[in-house]
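Below, each chain spelled out in residue letters.
Protein chains: 4
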Amino acid sequence: MKKSIIIGIMGGGKATRKDEKAAYRLGGLIAKEGWILLNGGRNAGIMEASAKGAFDHGGLTVGILPDDNCDRVSEYIKIPIITGMGNARNCINVLSSDIVVACPGGLGTLSEIALALKNSKAVILLNFDGEKALELYNTKNLLHYAKTPEQVIDIIKKIHIHF
Amino acid sequence: MKKSIIIGIMGGGKATRKDEKAAYRLGGLIAKEGWILLNGGRNAGIMEASAKGAFDHGGLTVGILPDDNCDRVSEYIKIPIITGMGNARNCINVLSSDIVVACPGGLGTLSEIALALKNSKAVILLNFDGEKALELYNTKNLLHYAKTPEQVIDIIKKIHIHF
Amino acid sequence: MKKSIIIGIMGGGKATRKDEKAAYRLGGLIAKEGWILLNGGRNAGIMEASAKGAFDHGGLTVGILPDDNCDRVSEYIKIPIITGMGNARNCINVLSSDIVVACPGGLGTLSEIALALKNSKAVILLNFDGEKALELYNTKNLLHYAKTPEQVIDIIKKIHIHF
Amino acid sequence: MKKSIIIGIMGGGKATRKDEKAAYRLGGLIAKEGWILLNGGRNAGIMEASAKGAFDHGGLTVGILPDDNCDRVSEYIKIPIITGMGNARNCINVLSSDIVVACPGGLGTLSEIALALKNSKAVILLNFDGEKALELYNTKNLLHYAKTPEQVIDIIKKIHIHF
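Which chain is which? The protein sequence lines are A, B, C and D, in order. In terms of the working numbering, the first sequence opens at residue 1 and continues consecutively. In terms of the working numbering, the second sequence opens at residue 1 and continues consecutively. In terms of the working numbering, the third sequence opens at residue 1 and continues consecutively. In terms of the working numbering, the fourth sequence opens at residue 1 and continues consecutively.
Hints are computed from structural coordinates only; laboratory data are not their basis. None of the values given here were measured: they were computed from a predicted structure. You may find that some hints are simply not true.
Which copy? The list can't say, so a pair holds if one copy fits it or any two copies do.
[Stated by the list, open to error] The calculated lysine-lysine pairs, modelled on DSBU-like cross-linking and capped at a C-alpha distance of 35 Å, are:
1. 18 x 158
2. 121 x 3
3. 3 x 158
4. 147 x 32
5. 140 x 158
6. 157 x 18
7. 132 x 158
8. 18 x 32
Just chain A, same shape as in the assembly (with noise of 0.2 Å):
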C-alpha cells in the first residue's frame, strides 16, 4: 500500500472567524487532494473548523486529544485517537504528519512549530504570529528577562514571594 499523506493543521481552541473560515477552506482542499487531516481533535477554534471542512468535502480525518476521554471530541473526527497526555500530545501531532500547517494559535502551537522543525518536518505559517503569542504573556508578568546567572536568582526570589 502505498502511504497515505498526513497533513497535520496545528492553531488554537480560541480563533477569529476569519481564521477558522481559513481553516475550513484548507480542510476542504487537503480533502480534495485525498490527503488525510490530523489535527488536535477538540471541538473548538482551527479543530472543529479545519475538521468540519476536510468532513464536509469528503476527507478523513484524525484527531490527537490531549484528553483521556471522549467529551470534548469534534463530530467532525472520524477517528479520535485519545492519548490521556496533555500538551505531550503535541509531540505526537508533529512526528505523525508528514508536513505541517500552523493556523493563527497561541502557545500550544507555537510549541508544535518547534517540536516540528526540531524533527525536520516542513513547516507551512498560514498567518500564524509567533511574536503575538509570546507578548500575551509578556503582558501577564510571566515572561521575563535576566543578562546575568545572578539576575536569574534575583528575579526568582521575587517571584518566590507569590509561592
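Chain A is already provided as a structure; the job is to place chains B, C and D on it using the hints.
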C-alpha cells in the same frame, strides 16, 4: 514537609563555552539557595554544565531524560528520571518546575518556553534568543509562509516532490 | 457524524503461524463489519497479520507506533500514528479503542489488558495466556517473591551484586 | 559521582492497614540503606505509606505523578515529578527504577510489573496477587474469553448494544 523548590534549567545540548560557564554558575547559585535543580539530564551542553555547577556546590540534581536508558546521563545528575518519551518529556520538565529558566538553546528549548507559559509557569530567559533558533531552520528551507489556504496547498505540492 | 467504532487488537510482535492466521481472520471480520482496526502498527507478528486481514477486506487500519519514525510500520496500516514514546503508547492503544481484543502476546500485551480494564474498557482474550508470559520471565530470574519487607531488602542486596 | 540506587515501590492507592504498615516498614528500610525511594507520588495507599516510611527515616523520596498538578502529592515526597500523562507515567516509574517492588495493588500495579519485566528489570512481588486483580474485573463483566475470531465478533456485538 515543606515542599521543595524546584528550578528547571532548560537549554541546548550544544552550547558555547561562555554559555556553559553561565549555566555552571547558575547551577552553583541554585544549590547555594537550597533549591533543587531540574534539567534534561544529558551529559552535554547546558544540561551537563548546570548539573555540574549544582553538584560542585552540594546541590540536589534531577534529570528528566528523553532516552529509555542511562547511556547519556550526566554524571552530575543524582536522580535520573528515564522517560523513554523523546521530546514529550519536555512537558514533564516544565510541569515539574516551579520556575523555568531558559538558557541559550534551540527549538527544544523554545518548545519548553511555550509549554511553560501555557501552563502559567514563570519563565526567565537568560540570554535565550528565540528568533535565532527559528532563523536557523528558515535557511534549511523547512519553514514556509502562506497568506491563504490555496498557497498552503501549492507549497505542499512543491515540497511533496521530495516525499 | 456517528462516531466510528474502533476495535483495538493487541498481541505480540512474535507469534506462531497459527496465531497469525487467527489475527488475519479477525482483521478481515472487523473490516467486514465496517469497524476500524487499531493496533501497535509494526510490520511483525499479530500487528502485521491483523492489519493485513483488515486491509485485504477493505478495512481502515490505524497503527499506534512506539517508534519516532516510520521504519517499522506495517504496509497495511493506512494511518500510522508516530508517538516516539515506547511502551507509553500502550496507554493510547487502550484509551483509543472502544473494545480491546488480546491475541497471544507477551508482557506488552499483558500491560495493555491491565490498563484497558483499569480504564473500564471491555477486553476479549482470544487465546491470550497471561500466566505463560509471566512464567517465561520467572525462569530468567527476573521475578522474585517476598513475604516481608526484610526479605525484599535481602533480595535487593543479592541482585545488587550484579549492578 | 557514583550513580544513586533507586528502588521503585509500586502498589495500590487503596490498601489494607496491614499492607500499608508493610509499605511503611519497607520505605524505612530502603532509607536506612541509603537508597532512593521512587513511587507514584500520591497521598494515598501504598504510595503515601512507603513515602512516609522513607521520610521518617531520613530517606530521599521521588514521586512520579499521573496528574498535571500538585493537588494530590504526598507530603512525604521530596521531589514530585509532574507528568500530566495519566497511566503512561507507569512506564517512567519502571524505567527509572533499578529494581521494582510490587506491593499489593490492582491493575495499575500489574501493568507496572509487566512493563518492568519487559524492560528486563528485576521485580520483587511483596504479597502482590495478580490473579486477584484480574478476577475482580472478571465479575464486572469487562473480561471476556474467546477461542476463535468469530466468537470475538459475537462478543463485540453483544457488548455493542451498550455503546
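Going down the list of hints, with the structure as the test:
no.	hint	verdict
1	18 x 158	between (41 Å within a copy, 26 Å between copies)
2	121 x 3	both (17 Å within a copy, 31 Å between copies)
3	3 x 158	between (54 Å within a copy, 18 Å between copies)
4	147 x 32	between (51 Å within a copy, 20 Å between copies)
5	140 x 158	within (15 Å within a copy, 41 Å between copies)
6	157 x 18	between (43 Å within a copy, 25 Å between copies)
7	132 x 158	both (26 Å within a copy, 29 Å between copies)
8	18 x 32	within (21 Å within a copy, 42 Å between copies)
When the structure is compared with the earlier hints, no violation turns up for any of them.
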